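Colleague: Working from the sequences, and respecting the hints, build out all of it.
Quick note, the sequences are listed as chains A and B, same order.
According to this note's numbering, the stretch in the first sequence is residues -19 to 227, in order.
According to this note's numbering, the stretch in the second sequence is residues 98 to 312, in order.
Just so you know, these hints were derived from the structure itself, not from any lab.
One thing to keep in mind: the hints can contain errors.
[Claimed, not checked] Keeping only pairs whose Cα atoms sit at most 27 Å apart, straight-line, the calculated DSSO-like set for lysine-lysine is:
#, chain 1, residue 1, chain 2, residue 2
1, A, 58, B, 214
2, A, 60, B, 214
3, A, 224, A, -2
4, B, 230, A, 58
5, A, 52, B, 230
[To be verified] Residues from chain B shown here face chain A by an in silico Cβ test under 10 Å; the list is partial:
#, residue
6, 213
7, 215
8, 216
9, 218
10, 219
11, 220
12, 221
13, 222
14, 223
15, 224
16, 227
17, 229
18, 234
19, 237
20, 238
21, 241
Computed from a predicted structure; not experimentally measured.
All C-beta atoms, glycine included, are put in the ideal place defined by N, C-alpha and C.
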Amino acid sequence: MIHVKGLKKSFGDIHVLKGVDLKIERGDVAVVIGPSGCGKSTFLRCLNLLEEPTAGRLEIATQRLEFEPGGKVSEPRKAKFRASTGMVFQGFNLFPHMTVRENVMSGPFLNRILSRKAAGEKADELLARVGLSERAHLMPNQISGGQAQRVAIARALALDPEVMLFDEPTSALDPELVGEVLEVMQGLAEDGTTMVVVTHEMSFARDVATNVVFMDGGKVGEMGPPAQVLDAPQSPRLQSFLSKVVH
Amino acid sequence: MYEFDWSVVLDGALWLNAIKITLAYAVVTSIAGLLIGVVFGLILVARVPVLRWVASAYVLLFRSTPLLVQIVWFFYALPMVTGYALPDWFAAGLGLTLYMGAFSAEIFRAGVISIEKGQWEASTVLGFSYATKMRHIILPQATRRMVPPIVSQSILQLKNTSLLSVVAVPDIMYAASSLTMSTYRPLEVYTFAALLYLAILTPVTLIASRYELKH
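Modeller: Written as structure tokens, this is what we have:
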């Protein structure tokens, strides 16, 4: 499903990703953890080419791209590749001038995949799925952060992505709102959605992940099922990281 | 003690015509300038190759030279350079229009780049084309932010029409100068002219601040 080989990313002289190798199967939930600055967000942003890797190979579903330093992948090629992914951001990034429903419709409708009516019906279904049918006609500034993030999830799902990418989806939320977002994500996982989640929520990693990926210094440090990575960490780096994280 | 004689300003026809001229130049050059600003602003924002250098040079040139110099240059120097005489009324408005255009382009650019990076990224991951992003996501938010600076630039534009009097456009300022010459009453005449500008712009300013409170 997702196959990453030798993926590197540098910003000028700063080498953020130093060769990431990773395989994720369809239906897997990969939770990426690691200390700040380890490259986990950059890795996620490379998966949908918000950042263009400087080297390595990337395969998602049926698409494959190779990268080289200075080699620029064309925008249409990037867009085509990106279409197999959906992304949820830390800061929600809802469109503030559109209602909740219009936000969810925007992908299929503005890309002319569906008619306004069909896109609206799809939005209604998705809003029901994230438990926000009642909020459809509100503006983003009239709902809570937890609700906004659920709308953002529905908006990404509206394009039927093969993989959902989550970049610290609960880090900007008040503690009491984290649960409702994780619940929706858990529901997606149970429905078989392939997901890559960068998060600090260890309980989510433990309960929902099929793979936990510990990133350290721009590489994959350890990887495996949660019981192995979280409960029997091999490297001192991971042991030290886990001891500092609140469970 | 100075003795006021306000009767000298009582020349209804003169002022009425002057007000019309001032308003016409303010409105027409503002709108034309805005249109130029949108075009050049889009070029700057979209980083169109080559054209963006032209646009940057234009903005720099017109923002960094005095408007009075521009007006006089287009009125007297341009016909010498081109060998072609533009109608006076047109040449007089050219400087004002291009001046407004340069500031509008900057306001447009600033409005667009003020939109958070997250909005661009969200549109990118949803697969929107550049045109769709601009039209449906960025510009609807950016235009709201452009309104206050455009209003204030338009207010400046109306006041700046007073510079047209140097090329003999019979606006409010020109009417005041000629009335002063015939009556030798600068105090009353220029005070009255100032009051006219104030009367025109006070409502505009009030409406603008109402709008800002609302948004």
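Colleague: Hint by hint, note whether the structure agrees.
Modeller: Do the hints match the structure? See the list:
1. A threshold of 27 Å between alpha carbons decides the hint, and for residue 58 of chain A with residue 214 of chain B the separation of about 19 Å falls inside it, so the pair holds.
2. For the hint pairing residue 60 of chain A with residue 214 of chain B, the CA-to-CA distance comes to about 21 Å; that is within 27 Å, so the pair holds.
3. Distance restraint check for residue 224 of chain A and residue -2 of chain A: the Cα-Cα separation of roughly 25 Å lies within the 27 Å cut-off, and the hinted pair is therefore satisfied.
4. With a C-alpha separation of about 16 Å, the suggested pair residue 230 of chain B and residue 58 of chain A falls inside the 27 Å cut-off, and the hint holds.
5. For the suggested pair residue 52 of chain A and residue 230 of chain B, the alpha carbons sit about 22 Å apart, so the restraint of at most 27 Å is met.
6. For residue 213 of chain B, the interface hint holds, since its Cβ comes within 10 Å of a Cβ in chain A; the closest pair sits about 8 Å apart.
7. Of the supplied interface hints, the one on residue 215 of chain B holds, with its beta-carbon coming within about 4 Å of a beta-carbon of chain A, less than 10 Å.
8. Here the hint on residue 216 of chain B is kept, as its CB sits about 6 Å from the closest CB of chain A, short of 10 Å.
9. A hinted interface residue such as residue 218 of chain B counts as satisfied when its beta carbon comes closer than 10 Å to some beta carbon of chain A; here the least separation is about 6 Å, so the hint holds.
10. Taking 10 Å as the C-beta cut-off, the interface hint given for residue 219 of chain B holds, the closest approach to chain A being about 4 Å.
11. Because the beta carbon of residue 220 of chain B sits about 8 Å from the nearest beta carbon in chain A, less than 10 Å, this interface hint is met.
12. Annotation: interface hint on residue 221 of chain B holds; nearest CB of chain A at approximately 7 Å, less than 10 Å.
13. Hint on residue 222 of chain B holds. Least Cβ distance to chain A is approximately 4 Å, under the 10 Å limit.
14. With 10 Å as the threshold, the beta carbon of residue 223 of chain B comes within range of chain A, its nearest partner Cβ sitting at about 5 Å, so the hint holds.
15. With a least beta-carbon distance of about 6 Å to chain A, the hint placing residue 224 of chain B at the interface is held under the 10 Å criterion.
16. Here the hint on residue 227 of chain B is kept, as its CB sits about 8 Å from the closest CB of chain A, short of 10 Å.
17. A least Cβ separation of about 5 Å between residue 229 of chain B and chain A falls short of the 10 Å threshold, and the interface hint therefore holds.
18. Checking residue 234 of chain B against chain A by beta carbon gives a least distance of about 6 Å; that is within 10 Å, so the hint holds.
19. For residue 237 of chain B, the shortest C-beta to C-beta distance to chain A is roughly 5 Å, which falls under 10 Å, so the interface hint holds.
20. Checking residue 238 of chain B against chain A: minimum C-beta separation of about 6 Å stays under 10 Å; hint holds.
21. With a cut of 10 Å, the hint placing residue 241 of chain B at the interface with chain A holds, because the nearest CB-to-CB distance is about 8 Å.
Consistency note: the structure conflicts with none of the earlier hints.
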